[in-house]
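Per this note's numbering, the sequence shown starts with residue 1, numbered consecutively.
FYI, nobody ran anything at the bench for these hints, they're computed from the structure. There may be inaccurate statements among the hints.
Heads up, simulated DSS-like pairs for lysine-lysine below, C-alpha to C-alpha not over 25 Å straight-line [said to hold, decoys possible]:
#1 K99 - K71
#2 K107 - K87
#3 K15 - K57
#4 K71 - K54
#5 K38 - K6
#6 K38 - K87
#7 K57 - K87
#8 K57 - K38
#9 K97 - K57
#10 K107 - K6
#11 K97 - K71
#12 K99 - K132
#13 K107 - K71
#14 K107 - K130
#15 K99 - K87
#16 K107 - K61
#17 K132 - K87
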Amino acid sequence: MSTSLKLTIITPERKLYDGEIKSINTETTEGHIGILPKHAPIIANLKPTVTVIKDNKGEVKRLFTSSGLMKVEEDNIIVLCDASEWKEEIDFNRAEKAKERAENRLKNREEGLDVNRAEIALCRALVRLKFKDLL
């Protein structure tokens with residue numbers, strides 16, 4: 001019986017992670033999901049969140065993952081997302097400015113505003129800023 005999963009996380013800019021893990025916990029549009037070996041095959045839409053990975057050494061790793069897709073099939077997980085970053089890669093000043101811009105756009109609701117896009121931008125910024133308080 002398999003005790004590990006193969007995880008690949010890909011963004012348009014790079015392959016952020018490619019290795020064996022014990023588990024992954026992330027957020028889909030349907031809610032929180034945890035994946036362990038022998039999970040049923042699924043394809044899920046991802047929401048911006050702090051994704052938690054437990055590697056084969058038992059080390060817990062946290063990273064920001066944005067909107068995207070996750071495919072689970074035969075102990076193989078592929079995550080395709082718009083952006084993904086380790087905590088040390090996040091520019092917190094930039095995230096704070098993005099949060100303020102999105103909040104102002106949503107508050108003022110100027111004509112032609114893409115509300116969905118502004119809400120997603122706000123969500124991404126808020127999740128990135130969550131990392132300030134995480135160990």
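Consistency of the hints with the structure:
1. K99 - K71: The hint is violated at about 30 Å.
2. K107 - K87: Violated, at roughly 29 Å.
3. K15 - K57: Since the Cα atoms of K15 and K57 sit roughly 21 Å apart, the hinted pair holds (cutoff 25 Å).
4. K71 - K54: It holds: about 18 Å lies between the C-alpha atoms, which stays within 25 Å.
5. K38 - K6: Roughly 12 Å between the alpha carbons, so the hint for K38 and K6 holds.
6. K38 - K87: violated, 29 Å
7. K57 - K87: holds, 20 Å
8. K57 - K38: holds, 19 Å
9. K97 - K57: Violated, at about 37 Å.
10. K107 - K6: violated, 43 Å
11. K97 - K71: violated, 33 Å
12. K99 - K132: holds, 14 Å
13. K107 - K71: Violated. K107 to K71 sits at ~36 Å, over the 25 Å cutoff.
14. K107 - K130: Since the Cα atoms of K107 and K130 sit roughly 22 Å apart, the hinted pair holds (cutoff 25 Å).
15. K99 - K87: holds, 17 Å
16. K107 - K61: Measuring from Cα to Cα gives roughly 35 Å; hence the hint is violated.
17. K132 - K87: OK: K132 and K87 at ~8 Å, within 25 Å.
Violated hints, listed in ascending order, are 1, 2, 6, 9, 10, 11, 13 and 16; each of the other numbered hints is respected by the structure.
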